[in-house]
Amino acid sequence: MGEELKLFRTWSSRYALRVVHALKIKDLEYETIFEDIKNKSTSLLEYNPIHKKVPVLVHNGKPICESLVILEYIDEIWKQSPLLPQDPYEKAMARFWAKFGDDKVMPSIWSVFISQRKDQEEAIAQAAGNLKFLEEQLTGKKFFGGETIGYLDIAFGWVANLISILEEIADLKLVDAEIFPLLSAWMNNFSDHPVINECWPPRDKMVEKFKAMREPYVEKVA
Amino acid sequence: MLDEVILLDAYFSMFGMRVRIALAEKGVQYEYREQNLLNKGQYLLDMNPIHKKIPVLIHNGKPICESLIIVEYIDEVWKNNPLLPSDPYQRAQARFWADFIDKKVNDAGKRIWYMKGEQQQAAKEEFIEALQLLETELGDKPYFGGDKFGFVDLALIPFYCWFHAYETFGNFSTEEHCPKLIEWAERCEKIESVSKSLACPIKVYEFVLILKKKYGVKVLKCAGVAQAHEGVRRVVVVEAGSKHVEGIISLNDAFRFSWLVVLILVHRPLDVVMLFGKLY
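Each protein sequence line maps, in turn, to chains A and B.
Position one of the first sequence corresponds to residue 1 (UniProt numbering), numbered consecutively onward.
Position one of the second sequence corresponds to residue 1 (UniProt numbering), numbered consecutively onward.
One or more of the hints may lead you astray.
Straight-line alpha carbon distances no greater than 30 Å define the calculated DSSO-like cross-link-like pairs of lysine-lysine that follow [to be verified]:
id: 1; chain 1: A; residue 1: Lys62; chain 2: B; residue 2: Lys203
id: 2; chain 1: A; residue 1: Lys104; chain 2: B; residue 2: Lys110
id: 3; chain 1: A; residue 1: Lys99; chain 2: A; residue 2: Lys118
id: 4; chain 1: B; residue 1: Lys104; chain 2: B; residue 2: Lys52
id: 5; chain 1: A; residue 1: Lys24; chain 2: A; residue 2: Lys104
id: 6; chain 1: B; residue 1: Lys62; chain 2: A; residue 2: Lys52
id: 7; chain 1: A; residue 1: Lys53; chain 2: B; residue 2: Lys62
id: 8; chain 1: A; residue 1: Lys79; chain 2: B; residue 2: Lys148
id: 9; chain 1: B; residue 1: Lys148; chain 2: A; residue 2: Lys104
id: 10; chain 1: B; residue 1: Lys148; chain 2: A; residue 2: Lys99
id: 11; chain 1: A; residue 1: Lys79; chain 2: B; residue 2: Lys62
id: 12; chain 1: A; residue 1: Lys53; chain 2: B; residue 2: Lys103
id: 13; chain 1: B; residue 1: Lys104; chain 2: A; residue 2: Lys209
id: 14; chain 1: A; residue 1: Lys132; chain 2: B; residue 2: Lys103
id: 15; chain 1: A; residue 1: Lys26; chain 2: A; residue 2: Lys79
id: 16; chain 1: A; residue 1: Lys91; chain 2: B; residue 2: Lys180
Which chain B residues face chain A? A few, computed with CB under 8 Å, are given here [stated by the list, open to error]:
id: 17; residue: Met47
id: 18; residue: Ile58
id: 19; residue: Lys62
id: 20; residue: Ile64
id: 21; residue: Cys65
id: 22; residue: Glu66
id: 23; residue: Glu76
id: 24; residue: Lys79
id: 25; residue: Tyr89
id: 26; residue: Phe96
By construction, these hints were calculated from the structure, which means they are not laboratory data.
Here the structure is a predicted model, which means the values were calculated and not measured.
Glycine included, every Cβ here is placed at the ideal spot set by N, Cα and C.
All chains should be modelled from the sequences, with the hints used to inform the complete structure.
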């Protein structure tokens, strides 16, 4: 049956990467349209008029927006390699932690990245507190999904990819293997997984991009 | 085995109302426990240690948090009278719009009643724009779910009982800007699960009034992040538009205030809303 799948993404969007990973896990063929955020295509604006953002998955001409919504859609249409748990409670927990990642963990990591001195110390404490919750969720598990990669691993993909880049630029260590042994192990297991490691954006480009984003926040030392 | 269902909630919470409506739609028997949000009980803190917020649904001892996640859980456990559509694409659309409501309607609505001046005006415009987008999405359908009240209707309708407060503090009329949406809201109110779950708009207004008066909600402009001698990060707060220094407050304390405090840690002037008004 002819399924037409298109993914609108940028080269670096961590939200779009979630969809890339999910499509790879499900072994689905699709067309990629790379967007320039400063010059969005007419198609993107038509498919996502509300938020005008990536990612957008277009399935047989019908658009689905918001990365976590897209993940659930993919999981409901293509039943191979299930992403979400079957049990309603476990499903609710996966959704809860994915939301926690976006609403709390990411902003707290970002605060560490753009702040300095005393502000940064406080931001680090806040971020560490959030990361501790993630560490606890990995107790007795290789992946957040259990033995295999699932919805929550994909939702946290940015943790495995982006944090080390931000650490390198800001010259600090957030996810210390001694303090976060499970999370550190997960970051390696996830990144090295054959389905995942082919899809990372080029690291040097990422470092360059985030260095530039950090610029306005870094005080020039007199 | 008999299900034990407990809901930790607060009468005025739109998020709690979503869960009340969902449980009523499914005919689930449950124990409602009103929470004092200014003095949170240990049970709530145990059941939601991450966010310390309501609503929390506790099903046979297991807590579920975050209103839309709770509603999806309810829909999956109790299969009668489905709230979400069965078609995956329609489900994706429903989830998209529920997320939109949380991101746009909720945030702007809050800012209408606790901001003043330009910030309030901006909040009003965003709020109305969000409602108009929803009105377009509704179109000629009786409900967002089509012929039947569903997930998106449930996500939005609790805000309707807060409209009176928004309109009074913001001095505008939603009906003037979104008449079809008001018709939709009145249609929803006729549904029993909705009418018995929504708070009374007058009481909501009075509740907000009490908050504003008793706790001295002020819109203060954060003049900057100043270093204090003790090395603790402090924020200098001034009355918006004036140079008068209201006080200095530590960032740790600002973060510890209730959900109504908006303070963003940046090195430039921003609005700070002090709910409890205690300054150091």
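Going down the list of hints, with the structure as the test:
1. Lys62/A x Lys203/B: violated, 43 Å
2. Lys104/A x Lys110/B: holds, 20 Å
3. Lys99/A x Lys118/A: Holds, at about 28 Å.
4. Lys104/B x Lys52/B: With Cα atoms ~23 Å apart, lysine 104/B and lysine 52/B stay inside 30 Å; holds.
5. Lys24/A x Lys104/A: holds, 27 Å
6. Lys62/B x Lys52/A: Outside the cut-off at roughly 38 Å; violated.
7. Lys53/A x Lys62/B: Distance of about 36 Å is beyond 30 Å: violated.
8. Lys79/A x Lys148/B: Distance ~28 Å between lysine 79/A and lysine 148/B Cα, so the pair holds.
9. Lys148/B x Lys104/A: Answer violated: lysine 148/B to lysine 104/A is near 35 Å, above 30 Å.
10. Lys148/B x Lys99/A: holds, 28 Å
11. Lys79/A x Lys62/B: Holds, at roughly 28 Å.
12. Lys53/A x Lys103/B: holds, 14 Å
13. Lys104/B x Lys209/A: holds, 29 Å
14. Lys132/A x Lys103/B: Cα-Cα ~27 Å, so holds.
15. Lys26/A x Lys79/A: Roughly 8 Å between the alpha carbons, so the hint for lysine 26/A and lysine 79/A holds.
16. Lys91/A x Lys180/B: violated, 36 Å
17. Met47: violated, 13 Å
18. Ile58: violated, 11 Å
19. Lys62: holds, 6 Å
20. Ile64: holds, 5 Å
21. Cys65: holds, 6 Å
22. Glu66: holds, 6 Å
23. Glu76: Since chain A brings a Cβ to about 4 Å from glutamate 76/B, closer than 8 Å, the hint holds.
24. Lys79: With a minimum Cβ separation of about 10 Å from chain A (threshold 8 Å), the hint on lysine 79/B is violated.
25. Tyr89: Nearest chain A Cβ about 6 Å off; hint holds.
26. Phe96: Holds, about 5 Å.
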